[in-house]
Amino acid sequence: MVSHLTRPRASRESALQALFIASAIIAIVVCGYMFRNGLSVSTDLRMVLPSGSANLAKVSDRLAESFGDRVLLALISDNESQLELALQATRRAVLHNPNFAIDLSGVERTAAAVDALLPHRAALLSPSDAQAIRSRDFTDLSDSVQAALFGFPSDVRWVPFGEDPLNLFGRYIEAVTPQGDGAWMQDHLRLMQSGDASAIFVLRPTKTLGVDDYKQAQQWFNELEHKTESAYDINLVSAGALFHVAAATTSARSEIATFALISILAIVALFVMVFRHIKPLLFAFASIGYGCVFALATTSFLFTELHIFTLVFGCSLIGVGVDYALHFLCMGHAANLHKLIAASLLACASTAMAYLFMGQSELAIVIQIAVFSALGLTSSWLFVAALYARVFDDAAPLHGSWLQRSAAALQHLWEPVTRAATFTIIGIALIGGLATAVYNLSVSTDLTSLYRSNATFVENDQRVSGMLGAFSATQFVLITDQSVDGILTTMHSLRSGLEQKLTEHQITGYQLLSDYIPPRAVRARHRALFSQVYATTGTVHSLVDLDETARTELARFATAKDVLQDSKVEALANQHFAHLWIGEHDGQFLAAITLQNPVRDLQFVSLPANATLINLTVDWATALTRNTTSALLVLLLTLAAIGLLLLIWLRQWQSLAIVLIPMTSSSLVLALLVALSVDISLFHVFGLYLVVGLGFDYAVFVYRDTSDDRNCFAAVLLSSLTTLFAFGLLSQSATPMISGFGVTIFCGTLLNLFLVPAIRQFRTHDPSF
Amino acid sequence: MTKLLISIGLCLAANMRAWAQTDEFDLREILTRSELLQGAFTQIQTIPGLRSNPTSHGKFFYAHSHGLLWITEQPNKSTTLFTNEGAFDKSSNQAHRLPKSAQRISSVILQVLSADILHDTQFTATLQGDIASWNLSLQPRQKVLQRHLATIELAGSEVVQSIRLVAKDGSNTQISFTDVIQLTTPSLDTCRLLNLTTGLCGD
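These protein sequence lines map, in sequence, to chains X and Y. For the first sequence, the working numbering begins at 1 and goes up steadily by one. For the second sequence, the working numbering begins at 770 and goes up steadily by one.
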């Protein structure tokens with residue numbers, strides 16, 4: 001009889017230990033992989049944003065790469081001589097910094113692009129010249145040639161006179177070049193705007209910057225700014241993604257260190273007060289440590305690199321992962337162990353499920369956080385469940401009268417209220433909370449609810465990119481087509497619409513690839529016009545008296561065949577216009593029309609079917625709203641799934657009451673946030689997931705029929721305290737998405753603690769649980 | 770003893786720099802001495818591929834720190850104004866702005882004529898000779914100009930007497946200035962063409 005009862009338990013324990021050994025082996029293998037390849041930590045802030053379609057992600061990445069990791073250093077002064085001195089000093093400082101170099105790739109790319117287009121100049125005419133030649137109105141061209149021959153020399157020619165007497169190529173380049181105010185000097189851009197002279201250096205890192213490098217780089221630029229502004233009468237403005245990343249990294253690292261340290265100290269203090277023995281503390285930290293290492297190694301293996309925000313969130317694992325150790329230490333009597341394992345498994349499964357439901361988000365960072373947290377918690381539980389019996393013979397004795405009194409108060413909190421009244425109160429709280437939340441719900445569309453950039457850096461970025469006349473990286477027109485020529489034809493057809501937008505001041509400029517490389521039909525027309533002008537009997541000979549050699553050479557070039565095939569066009573576009581030509585993806589070609597200073601609500605009356613006006617900021621905000629709304633719906637699904645799990649596991653209708661607690665807590669938290677006029681962000685909703693998971697944890701343990709209620713409530717109280725501490729710290733984070741997450745769980749845990757004792761009213765007597 | 774030698778050396782170096790500055794300063798001072806100059810020019814272009822060398826004649830008005838009015842009279846008539854705000858064709862009654870490339874050239878021209886170019890980083894300047902007869906050679910450092918222009922050579926004494934622009938494509942432009950005089954009472958028409966309303970053209 002006894003052996004019949006003990007055999008299943010023994011096999012369960014063996015299975016657990018086998019599972020633990022398997023997980024330990026996995027942990028060792030992936031840790032080995034991690035040590036061999038190093039732990040790669042990403043600081044890419046774009047992971048925080050919705051990625052949108054694959055096409056959009058490619059375009060956005062390509063536009064961002066236009067400056068990418070470059071740093072822009074702008075020196076501004078109304079005193080030219082001071083500017084010159086500061087320029088020389090800055091140049092010397094940059095040359096002495098091995099981590100950065102002055103970047104002229106943009107200028108070299110432009111020169112290389114012109115050189116690449118030169119052989120095809122017979123197909124490249126400015127719109128005004130094409131029109132003039134077509135209508136045989138050579139007045140302008142004639143005046144231009146006369147001015148070139150007899151006027152003061154002010155003509156810019158890319159081709160010797162004899163090869164292009166009318167300077168058609170020069171006029172074409174003039175027409176397609178963005179009309180900025182600057183002129184490139186040997187290593188910097190010089191501008192004159194509003195009476196101030198400016199010089200801008202573009203710097204690029206000489207190596208890939210790691211997490212440690214960003215802070216050093218920021219310090220170097222801060223010192224440079226301070227020294228230069230002290231020595232000269234200039235204003236030095238630095239701009240670039242580097243500063244945002246450096247700020248985010250510094251803040252995140254500081255928070256990781258602070259939150260982890262304080263959490264650990266709090267847990268140590270709690271354990272010392274309650275258990276007054278080193279063994280429980282060591283066991284608890286071992287379980288947390290195992291969970292963290294397992295999560296770190298496996299997530300790093302699965303995702304190749306960990307985002308720094310994942311590590312910040314991971315600090316909260318310390319406060320949640322310790323729950324399992326606390327429950328076992330408080331209630332781990334030898335006779336109860338198998339029930340405790342079953343109950344804790346149910347609790348762990350519900351919390352892990354809550355995290356995994358988070359992973360249905362579009363945000364890459366959320367998926368990573370979900371996987372990290374679920375793996376960490378599960379492995380912590382496995383450690384405790386598998387090894388507790390081997391380390392401890394019985395539950396650890398609890399010390400501290402404050403704990404006994406508090407646990408007793410919690411245990412008897414709802415006793416004065418009848419079962420029916422309890423159900424009514426909780427029901428009213430649930431419905432009232434839901435009604436308040438639904439009626440007043442305001443979903444945040446603000447991207448700053450995820451991450452808030454330093455205002456000074458944003459201002460610097462806008463100022464310097466404004467000086468450079470940079471194109472928007474978030475608003476552009478996306479063109480897709482099966483063929484290269486199809487892309488160019490569509491772009492060409494949009495030209496008049498863009499000119500209209502320019503006239504209406506809805507944009508201040510645009511760049512079309514088809515302006516640089518016209519579609520096939522247009523090129524053919526241009527070649528015919530070019531030939532008309534430059535052939536042996538062409539119009540040019542009535543305007544200019546060329547010698548025989550020049551005449552022959554010109555005619556030969558004018559009548560040569562067009563070698564600009566689609567494949568050549570694609571190669572040209574890839575090499576020289578990478579910010580406009582995205583390339584082939586999924587059997588389609590992608591290209592972008594970039595816009596300069598577009599108004600926020602820019603619209604086109606009609607666009608062809610293969611052209612889409614993209615506003616990434618609006619798209620991200622829409623995606624955020626969509627994600628938040630669907631996350632709320634999935635939360636309901638989560639609750640339904642947990643309810644189902646309960647029914648299958650416990651086979652008792654009353655067990656559904658367990659779901660009521662987390663449901664009520666989460667609805668009241670949502671109602672509270674909404675009542676405080678907080679715009680609900682995605683991370684508030686993700687916080688609700690964890691409120692549900694943790695509430696369920698506590699409810700499951702309290703629901704158990706046990707004579708050990710006092711210790712159970714002690715465990716619930718201690719677990720709540722560590723959770724409150726961990727997420728209370730997170731709520732202080734400088735990153736809005738992290739603080740929102742922390743605030744939600746902090747409030748939810750308080751409510752769970754208050755509501756969980758009510759479960760005692762609904763318990764049944766079931767020896768199996 | 771060593772300290773004394775070093776001090777003397779430093780003083781000499783400082784004075785040499787001062788003498789050099791005096792030469793540069795004198796050139797600039799000479800070229801900007803007169804508020805408004807008038808003169809005649811002959812321009813000859815040597816362009817590979819052309820049967821003959823285009824030659825033009827005309828007159829000019831130069832107001833330093835304002836602009837250059839270039840009036841071609843032969844073989845065609847045209848009037849162009851180069852100022853720091855840009856280059857304008859004033860051949861007809863309505864002035865129209867010339868392309869951006871001409872505007873860049875415009876600011877360079879004005880700097881060259883006033884010797885401001887000596888203090889500018891756009892060019893590497895080499896000055897030779899003395900006040901009575903000097904030569905100034907300029908090589909562009911600006912990326913775009915480097916593609917088109919090899920050198921600008923100026924020669925003169927109290928005024929600029931000639932400019933020679935050598936382009937990268939082998940063509941060159943030789944401009945000679947004659948009958949250059951200081952203008953103290955410009956005509957209304959001249960002031961209008963120069964867009965000048967201050968100084969000698971003021972009320």
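It should be emphasised that the hints constitute simulated quantities derived from the structure, not laboratory data. Treat the hints with care, as some may be off.
Stated by the list, open to error - Reference listing, derived: stretches of chain X covered by chain Y, where coverage requires no fewer than 3 residues with Cβ under 8 Å from a Cβ of chain Y:
| # | stretch |
| --- | --- |
| 1 | 401-410 |
| 2 | 575-587 |
Said to hold, decoys possible - Pairs of lysine to any residue residues, derived as SDA-like cross-links and limited to a Cα-Cα distance of at most 20 Å, are as follows:
| # | chain 1 | residue 1 | chain 2 | residue 2 |
| --- | --- | --- | --- | --- |
| 3 | Y | Lys-937 | X | Arg-36 |
| 4 | Y | Lys-937 | X | Asp-115 |
| 5 | Y | Lys-937 | X | Pro-119 |
| 6 | Y | Lys-912 | X | Asp-103 |
| 7 | Y | Lys-846 | Y | Asp-858 |
| 8 | X | Lys-568 | X | Ala-113 |
| 9 | Y | Lys-859 | X | Val-202 |
| 10 | Y | Lys-828 | Y | Ile-840 |
| 11 | Y | Lys-859 | X | Val-145 |
| 12 | X | Lys-501 | X | Thr-474 |
| 13 | X | Lys-215 | X | Ala-231 |
| 14 | Y | Lys-828 | Y | Ile-950 |
| 15 | Y | Lys-846 | X | Phe-150 |
| 16 | Y | Lys-937 | X | His-576 |
| 17 | Y | Lys-828 | X | Phe-150 |
| 18 | Y | Lys-912 | X | Lys-227 |
| 19 | Y | Lys-912 | X | Ile-648 |
| 20 | Y | Lys-912 | X | Gln-88 |
| 21 | Y | Lys-846 | X | Asp-140 |
| 22 | Y | Lys-912 | X | Gly-469 |
| 23 | Y | Lys-846 | X | Ser-142 |
| 24 | Y | Lys-937 | X | Lys-339 |
| 25 | Y | Lys-912 | X | Arg-190 |
| 26 | Y | Lys-912 | X | Ala-113 |
| 27 | X | Lys-227 | X | Gln-82 |
| 28 | Y | Lys-912 | X | His-576 |
| 29 | Y | Lys-828 | X | Pro-153 |
| 30 | Y | Lys-937 | X | Glu-174 |
| 31 | X | Lys-339 | X | Gln-82 |
| 32 | Y | Lys-912 | X | Val-202 |
| 33 | X | Lys-207 | X | Pro-153 |
| 34 | Y | Lys-912 | X | Pro-153 |
| 35 | Y | Lys-912 | X | Ser-677 |
| 36 | Y | Lys-912 | X | Arg-12 |
| 37 | Y | Lys-859 | X | Phe-150 |
| 38 | X | Lys-279 | X | Val-145 |
| 39 | Y | Lys-846 | X | Thr-474 |
The beta-carbon is built from N, C-alpha and C at its ideal position, and this holds for glycine as well.
Results of checking the hints against the structure:
1. Chain Y is given as covering the stretch 401-410 of chain X, and this is violated because 0 residues of the stretch bring a CB closer than 8 Å to a CB of that chain, at least three being needed.
2. Judged by the Cβ-Cβ criterion of 8 Å, the stretch 575-587 of chain X is not covered by chain Y as claimed, because only 0 of its residues qualify and three are needed.
3. Distance hint between Lys-937(Y) and Arg-36(X) is unfulfilled; the C-alpha atoms sit about 56 Å from each other, more than 20 Å.
4. Restraint check for Lys-937(Y) and Asp-115(X): the C-alpha separation of about 15 Å stays at or below 20 Å, so the hint holds.
5. A hinted pair counts as satisfied when its Cα atoms are at most 20 Å apart, and Lys-937(Y) with Pro-119(X) qualifies at roughly 18 Å.
6. For the proposed pair Lys-912(Y) and Asp-103(X), the alpha carbon gap of about 14 Å is at most 20 Å, so the pair holds.
7. Of the supplied pair hints, the one linking Lys-846(Y) and Asp-858(Y) holds, its CA atoms being roughly 11 Å apart against a limit of 20 Å.
8. Only pairs whose Cα atoms come within 20 Å are accepted, and Lys-568(X) paired with Ala-113(X) is accepted, the gap being roughly 13 Å.
9. Taking the CA atoms of Lys-859(Y) and Val-202(X), the gap is near 39 Å; set against the 20 Å cutoff, the hint is violated.
10. A threshold of 20 Å between alpha carbons decides the hint, and for Lys-828(Y) with Ile-840(Y) the separation of about 5 Å falls inside it, so the pair holds.
11. Between Lys-859(Y) and Val-145(X) the alpha-carbon distance is near 17 Å, which keeps this suggested pair within the 20 Å criterion.
12. For the proposed pair Lys-501(X) and Thr-474(X), the alpha carbon gap of about 17 Å is at most 20 Å, so the pair holds.
13. Taking the CA atoms of Lys-215(X) and Ala-231(X), the gap is near 24 Å; set against the 20 Å cutoff, the hint is violated.
14. Restraint check for Lys-828(Y) and Ile-950(Y): satisfied, since their Cα atoms lie roughly 12 Å apart, inside the 20 Å limit.
15. With a CA separation close to 9 Å, the supplied pair Lys-846(Y) and Phe-150(X) stays within the 20 Å bound.
16. Taking the CA atoms of Lys-937(Y) and His-576(X), the gap is about 24 Å. The hint is violated against a cut of 20 Å.
17. Between the alpha carbons of Lys-828(Y) and Phe-150(X) the distance comes to roughly 13 Å, so the proposed pair stays at or under 20 Å and holds.
18. Between Lys-912(Y) and Lys-227(X) the CA atoms are separated by roughly 29 Å; this puts the pair beyond 20 Å, and the hint is violated.
19. A threshold of 20 Å between alpha carbons decides the hint, and for Lys-912(Y) with Ile-648(X) the separation of about 76 Å lies outside it, so the pair is violated.
20. At most 20 Å may separate the alpha-carbon atoms for a hinted pair to count; Lys-912(Y) and Gln-88(X) meet this at roughly 18 Å.
21. The hinted pair formed by Lys-846(Y) and Asp-140(X) meets the criterion: a straight-line CA distance of about 15 Å does not exceed 20 Å.
22. A C-alpha spacing of about 19 Å is found between Lys-912(Y) and Gly-469(X), which places the hinted pair at or below 20 Å, so the restraint holds.
23. Taking the CA atoms of Lys-846(Y) and Ser-142(X), the gap is near 13 Å; set against the 20 Å cutoff, the hint holds.
24. Distance hint between Lys-937(Y) and Lys-339(X) is unfulfilled; the C-alpha atoms sit about 91 Å from each other, more than 20 Å.
25. Simply put, Lys-912(Y) and Arg-190(X) have alpha-carbon atoms about 12 Å apart, close enough for the 20 Å limit, and the pair holds.
26. Between Lys-912(Y) and Ala-113(X) the alpha-carbon distance is near 14 Å, which keeps this suggested pair within the 20 Å criterion.
27. For the given pair, Lys-227(X) sits about 14 Å from Gln-82(X) by alpha-carbon distance, which is consistent with the 20 Å threshold.
28. Annotation: proposed proximity of Lys-912(Y) to His-576(X) holds, straight-line Cα distance about 18 Å (limit 20 Å).
29. Among the hinted pairs, Lys-828(Y) with Pro-153(X) is consistent with the structure: their alpha-carbon atoms are about 15 Å apart, no more than 20 Å.
30. As the CA atoms of Lys-937(Y) and Glu-174(X) are separated by approximately 19 Å, the hinted pair is consistent with the 20 Å bound.
31. Distance check on the hinted pair: Lys-339(X) and Gln-82(X) sit about 79 Å apart at the alpha-carbon level, beyond 20 Å; violated.
32. This hinted pair checks out: Lys-912(Y) and Val-202(X) have alpha carbons roughly 15 Å apart, not beyond 20 Å.
33. At roughly 45 Å between alpha-carbon atoms, Lys-207(X) and Pro-153(X) are farther apart than 20 Å, so this suggested pair is violated.
34. The hinted pair formed by Lys-912(Y) and Pro-153(X) meets the criterion: a straight-line CA distance of about 19 Å does not exceed 20 Å.
35. The hinted pair formed by Lys-912(Y) and Ser-677(X) fails the criterion: a straight-line CA distance of about 57 Å is larger than 20 Å.
36. Proposed proximity of Lys-912(Y) and Arg-12(X) is contradicted: the alpha carbons are some 78 Å apart, above 20 Å.
37. Restraint check: the Cα-Cα separation between Lys-859(Y) and Phe-150(X) comes to about 15 Å, which is no more than 20 Å; the hinted pair holds.
38. Proximity of Lys-279(X) to Val-145(X) is assessed by CA-CA distance (about 94 Å); at most 20 Å being required, the pair is judged violated.
39. A threshold of 20 Å between alpha carbons decides the hint, and for Lys-846(Y) with Thr-474(X) the separation of about 51 Å lies outside it, so the pair is violated.
The earlier numbered hints that this structure contradicts are 1, 2, 3, 9, 13, 16, 18, 19, 24, 31, 33, 35, 36, 38, 39.
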